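Let the sequences and hints guide you as you build the complete structure.
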Amino acid sequence: MPPRRILAIWLARLPLDRWRLAEGCAEGEGADAEPLALIAETAHGPRLAAVNRVGAAAGARSGTMLADARALCPGLAVRPSDPAGDLAFLESLALWAQRWGRWSALDPPDGLVVDTSGVAHLFGGEEALLADAARAFAKRRLTVRMAIAPTAGAAWALAHHGPANALLGAEEDPAARLAQLPVAALRLDDDVLLLLRRLGLKRLGDLSGIDRPALARRFRNRRSAAANPLIRLDQLLGTVPEPLLPVVAVEAPLVQRRLMEPIRHRELLDRVLADLAADLVRVLEGRALGARQLELGAWKVDGEVIVRRLELAAASRDAAHIVRLFAARLDDIDAGFGIELVRLRVPWAEPLALGQGDFETAAEAHGTSLAACIDRIAVRLGEGAVRRPVLHASHIPERAQRWQSPLAPAPPAQDELAFHARPLKLLDRAEPIAVLYATPDGMPRRFRWRGTVHEIARAEGPERIAPEWWRERGGARLRDYYRIEDDTGARYWIYRSGLAGDGRGGAPEWFLQGLCA
Amino acid sequence: MPHSPPPAGLTRGFSAGLAARTEHWRPGLPATCRHGEIFAPATEAGGAGLAVALALDSLVLDKLSDAPDQRAWLWVQDKAARRLGGRPYRPGLPRGLRHRLIHVAADSAQDALFALEEGLRCRDLAFVIGEIAGNPRALGLTASRRLSLVAERHGVPLWLVRLDAAHDLGSARLRWEARSAPSLPPRWNAAAPGAPAWKAELFRAHTYQPGHWVLRDDGVLVADEGAFRPAGPDRDLDLNPIIRSA
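Those protein sequence lines, which keep their order, are chains A and B. If you use my numbering, the first sequence corresponds to residues -12 to 504, in order. If you use my numbering, the second sequence corresponds to residues 10 to 255, in order.
Treat the hints as calculated values from the structure; they're not laboratory data. Heads up, a few of these hints could be off.
Unchecked claim - Below are the SDA-like pairs computed for lysine to any residue, each with C-alpha atoms no more than 25 Å apart in a straight line:
| # | chain 1 | residue 1 | chain 2 | residue 2 |
| --- | --- | --- | --- | --- |
| 1 | B | Lys88 | A | Glu385 |
| 2 | B | Lys88 | B | Thr151 |
| 3 | B | Lys208 | A | Thr439 |
To be verified - Listed next, the stretches of chain A that the computed footprint assigns to chain B, with coverage defined by at least 3 CB atoms under 8 Å from CB atoms of chain B:
| # | stretch |
| --- | --- |
| 4 | 227 to 235 |
| 5 | 371 to 382 |
| 6 | 409 to 418 |
| 7 | 444 to 455 |
| 8 | 476 to 483 |
Quick caveat, the model's predicted, so the values are computed rather than measured. Here a beta-carbon is modelled for each residue, glycine too, at the ideal position from N, C-alpha and C.
So, in structure tokens, the structure goes:
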């Protein structure tokens, strides 16, 4: 197993970067050229959450009250901060960051952790991976600091307090390498940091200079990791594990219809919506989900997108219900030159167990499911009557196909060879044919089967299939298969069993085994 | 030639747009008829081959959704049909259909009809193919009509292959008489049999004019150029007493 390598990403100025992206201005331009702060409402009044560069130069600091900051910098413009939006952004960014590793985790409020174990060689080494990440983030105009280390704690410490794009090798001693970092690199709570500062412990190296029992005694009643510097130190050095909660993408059920002809009329849209709702219900049924929120998107020819959302009181999977609810919301749609794509999404779904409706009326109205259909047939015709052909590893044609129960999973098998031409139907037992006339090279020209004489017009062969010695007795004869077409156009698959003088019986016999389409 | 008006729910030829001019059947028309019957000799697999090809042909057109069709399909055979023509052989089926086949081996024609009807009721099936040998008593006009109604009600196409059967009364929307036809020589070995071909005669149809075709399976179903002949004078749609009474 490759050594753990964790990439920590710190979006150092996430709220401001997001605000700038929303505003569409580059750093230091437009509204960003003036002193500006994002504020959060607190019980004691507005407090600065983030300050841009100009504002910071003018003396505003994040964390101060707005009134105090205004005293220092009277021209400070303010915008509301959006911590919930930041978190949502961070979540989608965490999924996007899985391009650099197998899983990623959130490190709120402004960090990500990606597991890059055994991945770096795909990017050409860890430096190249960091450079790639830096490029990708720069393209999205996000300020980041990154580091790769064997543990999440060490990577976090280096990203926040180490040099830019720091790498901590697997063989390096993390204690020595990180000794000069401040104790804030331990991800501790503010009051613990204050306590450590009062104790005079400023750097990580200072902590290791103290007897461990003394520190353990000092923090013996601090159970949580964020309050106990010893736990954090052990996590950073990798002596205790630190579980992280990975972010998993949940796919929203989605159905869509591309329309051959853009639609401009309401009745057609209703029709499409009804089809989509029916499709969606089937998708949801397959996953045992019910929709709580629905989103209908209509793409117009001119590129505009109309979106209608609605929310349901309880998880539902009723197509008629969905159509009825949307019908009221579609009145004000302006189709313009026409709608060419309609998509129905379920951003929020909840588990909804499959319920059994009334079997008979449901079967009359909507048809039965496949399992119900098979059950109904099997009950009357017997268990063995309904079956599915599956491939079996054998060269002998009648043995290459087996029958199994229709909904059982197919056993793994090698696919048929594309150049093998096989008949559409195979007789249960190959039927002997009487060859009336054969050419010198052994091909039959005329044969009698079921009392009728067939004149062979075209033939392909032989395809020789040898007996399977590991299954059959020694006396089994080889078969030479011919694909033939008679003068009326009927196509068959015939074979000669054995060769003249192969010592396994008398003269070779001919059989007809398959009927080609 | 005057036509009797089609029953309610059926459209003449290709329904709208291209409209009334295309009264000749040709491959690639949307399936307005859900129940087809193919009379074929039992000594060749031409009937079943044509049924699969026709089913695939109408399936391609039915597809509106973007998702690939992975629905199963049903092949029902009665005992006589199995004895005469054998069972379907998976390696010989069209590539996209092989893994989706569900086969029903019925003993009697009644059981086969029951299985066909249940299959048509199933919304998870792409199409249903039946093979029944001869003219069993159970497959009369009533049974045939039953199948037509179920197929149209649930929208699952049915192709019923009648092996060695006389043209008895039936309510199928399209009734074909099919035989294997000599195939075109393949490109690399002119002495070998080529892609399947069938001589097909549409002798009863609700919405198309009857006629003769030579159909080939070149990956998709195609009709030979110039091979179409309208049906002779004895094959007059208006003489069909069944459609009148239906």
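Consistency of the hints with the structure:
1. B:Lys88 - A:Glu385: Within the cut-off at roughly 19 Å; holds.
2. B:Lys88 - B:Thr151: The given pair, whose Cα atoms are some 22 Å apart, holds under the 25 Å limit.
3. B:Lys208 - A:Thr439: holds, 20 Å
4. 227 to 235: violated (count 0)
5. 371 to 382: holds (count 8)
6. 409 to 418: Satisfied; 7 residues make the cut.
7. 444 to 455: holds (count 4)
8. 476 to 483: holds (count 4)
Checked against the numbered hints listed earlier, the structure breaks hint 4 alone; every other hint is satisfied.
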